[in-house]
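**Student:** As you go down the protein sequences, you meet chains U and S in turn.
Counting from 7, one number per residue, gives the positions in the first sequence under the working numbering.
Counting from 14, one number per residue, gives the positions in the second sequence under the working numbering.
Keep in mind the hints are simulated off the structure, nothing from the lab.
Where a beta carbon is used, it is the ideal one built from N, C-alpha and C, also for glycine.
A hint or two may mislead.
[Unchecked claim] Facing chain U, according to a computed beta carbon distance under 10 Å, are these residues of chain S, among others:
| # | residue |
| --- | --- |
| 1 | Ala35 |
| 2 | Leu36 |
| 3 | Gly44 |
| 4 | Tyr45 |
| 5 | Arg81 |
| 6 | Gln83 |
| 7 | Ser94 |
| 8 | Gly96 |
| 9 | Pro129 |
| 10 | Lys139 |
| 11 | Pro142 |
| 12 | Val170 |
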Amino acid sequence: MSYRSNADLGGQDGHGAVHPEPEGELFHAAWEPRVLALTLAMGAMGLWNIDTGRAARETLADYRDLSYYRIWLAGLEKLLLQSGAVQADELAQGRSLRSGLATSKVLRAAEVAAVLARGAPTARPSLGPARYALGHRVRTRDTAPPHHTRLPGYARGKRGVIERVHGAHVFADTHAQGLGEQPQWLYSVAFDETELWADSTSRQNATVSVDAWEPYLEPA
Amino acid sequence: MSGPEHEHERGSLSSTELRVRALETVLTQKGYVDPAALDELIDTYQTKIGPRNGAQVVAHAWRDAEFRRQLLEDATAAIASLGFSGRQGEHMVAVENTPEQHNVVVCTLCSCYPWPILGLPPTWYKSAPYRARVVKDPRGVLSDFGVHLPETMRIRVWDSTAEVRYLVLPQPPAASEHLTERELADLVTRDSMIGTGLPLNPGGASTPRASP
């Protein structure tokens, strides 16, 4: 079964103008901050990782129709059901109907500041030398894999230049599928606009960079 | 993606509000979440972590050449030295605007954003128009923000596809050398640290200064 992300929006036409908003406007309904907090708190439980979380959200069938926190809400419900933490009848009835999964990782209020300040770094010791160095010309793989990935469609099959070597990081593709961190070298790859948007007549003197793991790349 | 919902149901809670309350009840009864922790998380992002953090970083870089150098070399460490770190900012890179180059940051695939220094992202950053267009038509997007840059200026768009998070270091406004660091921080707008805006001028106007 192929994987369909509805979140790969880069380069799509037809979405209209961007609407700026003032600093300080965080939420537009009272339930939105609750969804934010529930998602972060459940993340601390360790039943899924951030990459699995993104995979759950981007594959929501109605992603395109949902506002941001509606996506988070639907994504959280999906992850809870997938992980067995909650069952559908409980969500429907709005109450717990059976014991929950045993856990010692519940986030307490007193721990919040420290947990947020610590974060979850993804840098890992590398398991071998980096294949590419600054200035190397590379080409990105040109097929969409049947799973979560972080190479946007607009940057597939494109030639770019290595501009940074970030080190080895948890590899999102495997991590999202529950196949482990499998750290890979991560690079900043720069693409000229003429390479990305060859069909477009617009020339804006622009360069677009993505952060790409080594498995996304081959020598150009 | 549609904009914020409008679920006006006089005298009753919207269906989404009910759904969220149901979810919170289940998770609390299961013992998975502590309501006090939920309140603390919300309070943290409403009052404690926001773009004024990033403004401090930028203002300090404008005033302190050694800090600026450190910020460009190892942004994570430099930012941590001012007390900001953690979730969604574990691996920071600062990209500097110059007379030749303007930087703008996006996450086309979701909404990745440097939370410890900018707080929660604005709705437009997380929405389809920005995510779709800024990689293809950055000047058009900047013009939606009232920013017009010379054609000779290179625009660098940074798509945050992994866990590296980007901070744009804007150029200091003209005639700001006499200001204190605190006053400088007040000129640093959130949008200028994403790259969709420029800092305010000391008079408070948001008119971009002329670039060579």
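**Student:** Now, for every hint given, state plainly whether the structure supports it.
**Tutor:** Here is what the structure says about each hint:
1. Evaluation of the S:Ala35 hint against chain U yields a held restraint, the C-beta minimum of about 3 Å falling below 10 Å.
2. Given hint, S:Leu36 at the interface with chain U, holds; its Cβ is 6 Å from that chain's nearest Cβ, closer than 10 Å.
3. At a threshold of 10 Å, the smallest CB-CB gap from S:Gly44 to chain U is about 6 Å, leaving the interface hint in force.
4. Interface restraint check for S:Tyr45: the shortest CB-CB distance to chain U comes to about 6 Å, inside 10 Å, so the restraint holds.
5. Residue-level restraint check for S:Arg81 is violated (minimum Cβ-Cβ distance to chain U is 19 Å; threshold 10 Å).
6. With a least beta-carbon distance of about 17 Å to chain U, the hint placing S:Gln83 at the interface is violated under the 10 Å criterion.
7. About 14 Å separates the beta-carbon of S:Ser94 from the nearest beta-carbon of chain U, more than 10 Å, and the hint is not met.
8. Among the interface hints, the one on S:Gly96 holds; its C-beta lies about 9 Å from the nearest C-beta in chain U, closer than the 10 Å criterion.
9. With a cut of 10 Å, the hint placing S:Pro129 at the interface with chain U holds, because the nearest CB-to-CB distance is about 8 Å.
10. Because the smallest distance between the Cβ of S:Lys139 and any Cβ of chain U comes to about 5 Å, under 10 Å, the interface hint for this residue holds.
11. For S:Pro142, the shortest C-beta to C-beta distance to chain U is roughly 4 Å, which falls under 10 Å, so the interface hint holds.
12. With its C-beta approaching chain U no nearer than about 5 Å, S:Val170 sits inside the 10 Å limit, and its interface hint holds.
In terms of the numbered hints stated before, the structure departs from hints 5, 6, 7, listed from lowest to highest.
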